[in-house]
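*Asks:* Residue-level listing of the chains:
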Amino acid sequence: MRWLALAAAFAVACAAALPVHTDVRYDERYGDDTALDVYEADGVGPHPAVMLIHGGAWIGGDKSEYTDAAKRLAKSGYVAATINYRLAPKGEYPKLVQDCLCALSYLRANAKVYHLDPDRVAVMGYSAGGHLASLIGVAWDDPMHQPDCEWGPTGAPRAVISGAGASDLRGQDNFITHELFGKGPDEIPDAYAHASPITHVGPGKPPYLLVGGDADWFVGQDQADNMRDALVKAGNDAKVYRVAGGGHITQTGIDGQLIGGESDLTAESWIVIIDFLDRNTGPRK
Amino acid sequence: MIALVLALMAEAPTAAPPEPHRPNAISLQLFSLLAHGVTIQYERQVADHFGVATSIGHRWSGGSQFDTSETAFAVEPRYWFLKPGFARPFIGFRLEYGLTEVDSDGRRLGSAMTFGESLDVGVRATVLHRFEITPSMGNGFRHEIDPRGRLSMFTQWDVFRFGTTVGVVF
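Each protein sequence line maps, in turn, to chains X and S. The first sequence begins at 1 in our numbering and counts up by one. The second sequence begins at 1001 in our numbering and counts up by one.
Derived contacts from chain S toward chain X, CB cut-off under 10 Å, selection only:
hint	residue
1	S1032
2	G1037
3	S1064
4	T1068
5	S1111
6	T1164
Hints were generated in silico from the structure; no laboratory data involved. Computed from a predicted structure; not experimentally measured. Each residue gets a CB set at the ideal place from its N, CA and C atoms; glycine is no exception.
The whole structure should be built from the sequences, with the hints applied where relevant.
*Replies:* The following block contains the structure:
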């Protein structure tokens, strides 16, 4: 039986390419800064979907960082969308959050085009993208975050996967946060607090999976632990998956060697993520 | 690392006294310890310039809410560029297999089989004719397969791989 499943996996991997829509602008005003790629799943749908938000310290990166993951999700039965968003300082807070919500709203408004179920869209991100995914999961309805694009406001994502995402930016005084906010935490403490997912936690939030490495020196483990504890205390479902030996951009290979990579794309993380998605976004066709 | 290997290849090996013939090495992959695991390697020289390294490793992961175990095997034919001496560069082709299983709350979440192949270069330094340290680096591919078929096959390019073994030769 196991070998039949393996053969099926190989067959799926070798199957004809699925439809891909590249560089679709969800907000024409900002050109490629607000473009996304959609990887359709096989079959008529409607399929569950995952919106993928790249990292890059809010000042860099590109949707292509998640291309391989999106292809894997699409071949596995999820519509996957990788998005760009305006980067700081041009897209300083809260503009980049508004962009992410605009992209989510666009996907839902065009659900029939991409054969996705608008009620079953999860968000996933890594590093800065993990922070943004986490923030829109708890503060999608915050007035400051509402997008002013043509697709309008949208509802909560069905589930959130945050890889190495910060949950509390209060007091974080460095050049990256200065780029993100334009000023330091002493000057605008309210903005730093408002951009911190943990300050928006309350009852009725979507389920969270927080993934990170235990050797991540950029984003401390307490960021995920505190977010999980706050969510659970408010009656929500949240878990932390910790990759042993995982750094922010390095992991440990299966034979013990050091390799490059993000902790949300390791073999063990994929197992946890697909289980989390299947449980929270319903069945795949 | 590549420059070091080339430099050592260019160096005349006649300057150092001959190393005693010690065709075996047992070593520990240092980075495995940082990942809550252990990987042990055994290597045997099978001809003047050829050796075969095999390794077995296990690691535990997942944190407090998940229970993950990963077992891996690897085999690597190696070509050694110089006769035994203090420092000896090699190039190897490594094949590896790993099985990863994740449980949570008493439930099996899933598993993954990983196959990998990589081209590695490294240098072995032998100290006191008995102890070795072997840093290496490489480039290769990994292929992940979900035995349950819930996830499609996934291939990742490892732009860099870096390892260091320490052990004894005998």
